[in-house]
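Participant: This is what each chain is made of:
Protein chains: 2
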Amino acid sequence: MNIEMIRQAASRLDGYARRTPLLNSAFLDDIAGRRVWIKPECLQHTGSFKFRGAWAALSAMDEAARQRGVLAYSSGNHAQGVALAAARHGASAVIVMPSDAPALKIENTKALGAEVVLYDRSRRSEREKLGTAIAEERGLTLVKPFDEPQVIAGQGSTGLEIAEQAAEIGVKKADVLVCCGGGGFTSGIALAVEADAPGLRVRPVEPENFDDMARSLQSGQIERNAKTSGSLCDAIITPSPGQITFPIIQRLCGPGIVVSEDEAMKAVAHAFLRLKLVAEPGGAVALAAALWHQDALEGDDVIVTISGGNVDSDVFARALESP
Amino acid sequence: MNIEMIRQAASRLDGYARRTPLLNSAFLDDIAGRRVWIKPECLQHTGSFKFRGAWAALSAMDEAARQRGVLAYSSGNHAQGVALAAARHGASAVIVMPSDAPALKIENTKALGAEVVLYDRSRRSEREKLGTAIAEERGLTLVKPFDEPQVIAGQGSTGLEIAEQAAEIGVKKADVLVCCGGGGFTSGIALAVEADAPGLRVRPVEPENFDDMARSLQSGQIERNAKTSGSLCDAIITPSPGQITFPIIQRLCGPGIVVSEDEAMKAVAHAFLRLKLVAEPGGAVALAAALWHQDALEGDDVIVTISGGNVDSDVFARALESP
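Chains Z and Y, in that order, give the protein sequences.
All letters in the first sequence, in the order written, are residues 1 to 323 by our numbering.
All letters in the second sequence, in the order written, are residues 1 to 323 by our numbering.
Keep in mind that the hints were calculated from the coordinates and are not lab data.
Note that this is a predicted model, so its numbers are computed, not measured.
Check the hints yourself; a few may be wrong.
Just so you know, same-sequence chains aren't split out, so a pair can sit in one copy or run between any two.
[As the list claims (entries may be wrong)] Lysine-lysine pairs mimicking DSBU-like chemistry, simulated, CA-CA at most 35 Å apart:
id: 1; residue 1: 129; residue 2: 173
id: 2; residue 1: 172; residue 2: 129
id: 3; residue 1: 129; residue 2: 227
id: 4; residue 1: 110; residue 2: 173
id: 5; residue 1: 172; residue 2: 227
id: 6; residue 1: 110; residue 2: 172
id: 7; residue 1: 227; residue 2: 110
id: 8; residue 1: 144; residue 2: 173
Excised from the complex, chain Z in its bound form:
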């Protein structure tokens, strides 16, 4: 896993992934007590950064394997990313999703042409059995959601853009807050800014009860979450950091930040109000950290990823009611 892989992935993504803008709002700066710069990956194809990693993985496969098709496990954003990347490559995709994933994510994955197989999230072991059986039977290649070098390389392309955009606005030193599940997005961005903007420091942000990365960084070894479901931040509730992602994050990132679910919902409302963006709760944890955990941060500027916007309308409407 190195910066060259990220640069190569970025060049394969050129013309296929969106280069998302860097946005800001004086209203958010006032709350945060520093300048807040938003990298809205909710505007990426399929509504999350996951399309980058999926495209990077699919475009790196050899043609024969790609033609046999791919398989992915996902609660929704990786699912949609893989489904669209596969469809655009003329490949078939099977996505194994928990049955309690947001309805919108399941629907979209199907609409993007993938075959969706549902499993009960509380019986996680079934998932692997199910997926492995299908993959073996059809000769499918597994596209892992985060602990996979090509996927990390694709997500890292976001970091190359952040480095360029930070230079354009004259920001040389800042924390970069990244919504963190298994660490693919976080480690990819960390590697990219290490190379292209060494004054930026990545900080993983997680929701309460799913702070495996923050605890792992503290203890120095991979820690697991007690729960595997039951958060509105469904996009980023993975059981533990990855074997590949964790050492990268340990080497390059500052301490993790943990926000409450209420703060994530309030951040969704602020993204609506001040940025005119639709963020999902899991995609808004970094914004929540910038706005309400300012003592955990350093410097006059903070860069914030909004990792996704695939939220059911009832959850979104509830977020707008949050004070």
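Starting from the structure of chain Z, add chain Y where the hints point.
Facilitator: Structure of chain Y alone, referenced to chain Z:
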């Protein structure tokens, strides 16, 4: 009013207004039966294209007049645009707003540092009296919302970007649907694409009961609306086309398109779902036309402006419930 004024305004806006991206979604293409390209001015500073015109006007004023301050009449988006442009120029702004304007727009205008004076929309004549008295007393310069060359020039900068972005994606011929109130945005974009992308044709889009532009284009003379309030599309309910904007639109634009308020609300829901954008109802009428008035359009591509995203959360939540 000519293309040179637009180019000059664009260069004064460089570094101050956002160059908004061009977005798309396969889901929207499917509904529309053609490729739909979205120009999201809801992502512009203050949440609408109005910042462009306001900045163009303020930056064109002579310093002494600017220091005395400016005055504007607006239901909200022009208000915020003028408030921010004035604040950034170190000038004071008085904004005369109808008391039934969305609460969010009134609040934001105040938060941006402007002095807000409210009037009763049903007694429109009061508005001019009020504004004129304040302007005379304090020596303020009126910044008109649309029938003003510098304002049209600023809005036209959007059209220069559309022309460039259409060329980048290889679109040479398409209708460009513009959310239309008094016609500043529409006429500015029409002049810009006439010069830089003559295969593009602008079409004004309005909500039912406020279709003064469509009727004026049909009759060949300036027509007025019977009503002056009572639409969720508050951003674009002006009494009649402007004296400057109408002849430009008459010369350059195709026939107007009229959408229902229900269609505008449904378009808000689709922008949420498929683009992760917050559009206000008046800002979503062009998208509604692309999705549900496809017989009125020509060609394989359509370019759609989303003109603003300043919507109160209760209206937005209601839009998300629309089927």
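Participant: Each hint: holds or not?
Facilitator: Structure-based check of all given hints:
In this assembly of identical chains, the alpha carbons of residue 129 and residue 173 never lie at most 35 Å apart, being 46 Å within a copy and 52 Å across copies at closest. Proximity of residue 172 to residue 129 under the C-alpha cut-off of 35 Å is found in neither arrangement, the shortest distances being 48 Å within a copy and 51 Å between copies. In the homo-oligomer, the alpha carbons of residue 129 and residue 227 lie at most 35 Å apart inside one protomer (21 Å), although the nearest pairing across protomers, at 65 Å, exceeds that limit. In this assembly of identical chains, the alpha carbons of residue 110 and residue 173 lie at most 35 Å apart only when taken from different copies (33 Å versus 42 Å within one copy).
Taking the shortest alpha-carbon separations for residue 172 and residue 227, neither the intra-copy value of 38 Å nor the inter-copy value of 54 Å comes in at or below 35 Å. For the identical chains of this complex, residue 110 and residue 172 are inter-copy neighbours only, at 33 Å across copies versus 42 Å inside a copy, given an alpha-carbon limit of 35 Å. With identical chains, the CA atoms of residue 227 and residue 110 are at most 35 Å apart within one copy only, with a shortest distance of 28 Å there and 45 Å across copies. In this assembly of identical chains, the alpha carbons of residue 144 and residue 173 lie at most 35 Å apart only when taken from the same copy (33 Å versus 42 Å across copies).
Of the hints listed earlier, those the structure fails to meet are numbers 1, 2, 5, in rising order.
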